[in-house]
Amino acid sequence: METATPTLNALLAEHARRTPERPFIHHRDGTLDYRRTQALVECLAGALHALGLGPGARLGIALGRRPEGVLAFLAATRIGALPVALNPALEPRLLLDFARAQRLAALLAEGETLAALAAGEVPEGMALIDRAGRHPGCVSWPELLGATPIASPPEPESGQVAYLNFTTGTTGRAKGALATHANLYWNTRAAIEAFALGSDDVHLCMFAAFAHPHELFCRALQTGGALVLLEEISPRAIAGTIRAFGVTCMMGLAPMYRMMAGACARADLASLRLAESGGMYTSPEINAAFAARGGVPVMSVWGSTETSGVALANTAEGYRLDGSMGRVCPHYQARVVDEQGRELPPGEVGELLLRGPGLVSGYDGGIALAGHQGWYRSGDLVRRDDDGFYYYVERISGMIKVAGLKVYPLQLELLLGAHPGVREAAVLGRPDRRKGAVPVAFVVPEPGAELDAARLRAHCRAQGLPNYMVPRRFELVDDLPRIGSGKIDKRPLRTLVERGSLTDG
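UniProt numbering applies: residue 1 is where the sequence shown begins, and numbers increase by one.
Watch out, some of these pointers could steer you wrong.
Capping the alpha-carbon separation at 30 Å, the derived lysine-lysine pairs in BS3-like fashion look like this [claimed, not checked]:
1) Lys435 x Lys175
2) Lys406 x Lys435
3) Lys487 x Lys401
4) Lys175 x Lys401
5) Lys487 x Lys406
6) Lys435 x Lys401
7) Lys175 x Lys406
Distance windows between CB atoms, simulated [said to hold, decoys possible]:
8) Ala10 x Tyr468: 33 to 39 Å
9) Glu317 x Ile483: 29 to 35 Å
10) Thr31 x Ala89: 23 to 29 Å
11) Ala458 x Ser271: 42 to 48 Å
Just so you know, these hints were derived from the structure itself, not from any lab. Glycine included, C-beta positions come from ideal geometry on N, C-alpha and C.
Given these sequences and hints, build the entire structure.
Written out as structure tokens, the structure is:
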């Protein structure tokens, strides 16, 4: 199967031949059609090769949602090099540490990040590429664009690793998943079939450029459609972009849809036919608010680094707006199993297992996927209803056992979030000598809300929570820590809990 699938570069070359003047990348700086994109990628591939990059070499890309990131990605895969997307907001010291650990041959960055990197101890043999071409001592990106095109390098094969896609690392050390061209093709194919995507669609992906970076462009590339790259995250900017470019398909996070529901006019979103939400739980309240304003429901999806992207989805053919992650996408299979690997019936909570051609083969360094008899173990606890819709329950590592009884933090977070004075909540377990663990809650109040532990405890009991599920401690905070992609990062909260910094109250 893999040998028959086209690579990213073969897809680009085919569209450049068939529809050369069709727009591919829209950005505030202008539009690139398929022919111009192909020409730039060939020049950049030649320039990277001249810098010493070749098969297996690693190119770091520390940019936001910009055209240069897409071009660099495709130029690297053209010569068999591996793009590695990095968070440009990381401290330069951490970026350099990562560059050393990953043996980057070159690193593309810009602005203050680039200047700070250049002032640091750049790893020997690593080229720093300045996107703006202004910093002395760095390789100029504009000059790379004028390089001689690559002289007929061997075309990458579909089974060849396309890039290193790093896990978020919210539950442990980040790992680089080895995503092949075939993995990306089949994951994208699954989305195309699930959402009935075509060449007339215009895609706007608002995920962080370093989190599943191929999501920025792969759907447009595979269908011959167009994409829009937007760096700013604000309701006004997103709505203006949708209106200006006739965006039909948007990918974003739940907080973005919540902001848009409160600030965008319906006319701004008139072209939108698909609003896709991933990366975190999307509440029915957010869904209802956006549907009322935008005219389309928010389609919740589930995917992971290991599945190369979306593997479960709500679609126009069948969706639930009650927090479901949707059904299994084409070209994937899923099961729900108990701790012994036995398949569970609908309604029972168990671990989500998946398989399909979109799954990566393993991680950098020879680390294998967690598996069970050929199935990937996701580490997520879910339940499936009688109609095949899946519901997220909790990470296995986040489940709390109170005197042997299972407590799922998401259930408590949703219940606390239903209080009118609560904007957001995060629940995790605290070690307890008598019960093994007890739940504690970090709560962000709505502005002006009068909240305290007694009110929150009374709310929990009024909702019928048994005593063992009521958080032992309520900590009011101004905000919750997050990773760069926008997900809540419970690691700093867990550190507070493990240090014994919280007392009951």
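Evaluation of the provided hints:
Taking the CA atoms of Lys435 and Lys175, the gap is about 34 Å. The hint is violated against a cut of 30 Å. With a C-alpha separation of about 12 Å, the suggested pair Lys406 and Lys435 falls inside the 30 Å cut-off, and the hint holds. Distance check on the hinted pair: Lys487 and Lys401 sit about 24 Å apart at the alpha-carbon level, within 30 Å; holds. Of the pairs offered as hints, the one joining Lys175 and Lys401 holds, with about 28 Å between alpha carbons and a cut-off of 30 Å not exceeded.
Only pairs whose Cα atoms come within 30 Å are accepted, and Lys487 paired with Lys406 is accepted, the gap being roughly 24 Å. Restraint check: the Cα-Cα separation between Lys435 and Lys401 comes to about 8 Å, which is no more than 30 Å; the hinted pair holds. Straight-line distance between C-alpha atoms of Lys175 and Lys406 comes to about 29 Å, which keeps the hinted pair within the 30 Å bound. Remark: the range hint 33 to 39 Å for Ala10 to Tyr468 is contradicted by a beta-carbon distance near 57 Å.
For the pair Glu317 and Ile483, the supplied restraint of 29 to 35 Å holds, since their beta-carbon distance comes to about 33 Å. The beta-carbon spacing between Thr31 and Ala89, approximately 27 Å, falls within the hinted interval of 23 to 29 Å. Separation of Ala458 from Ser271 is about 46 Å and conforms to the stated range, judged on CB atoms against 42 to 48 Å.
Hint check: violations occur at hints 1 and 8; the rest are consistent with the structure.
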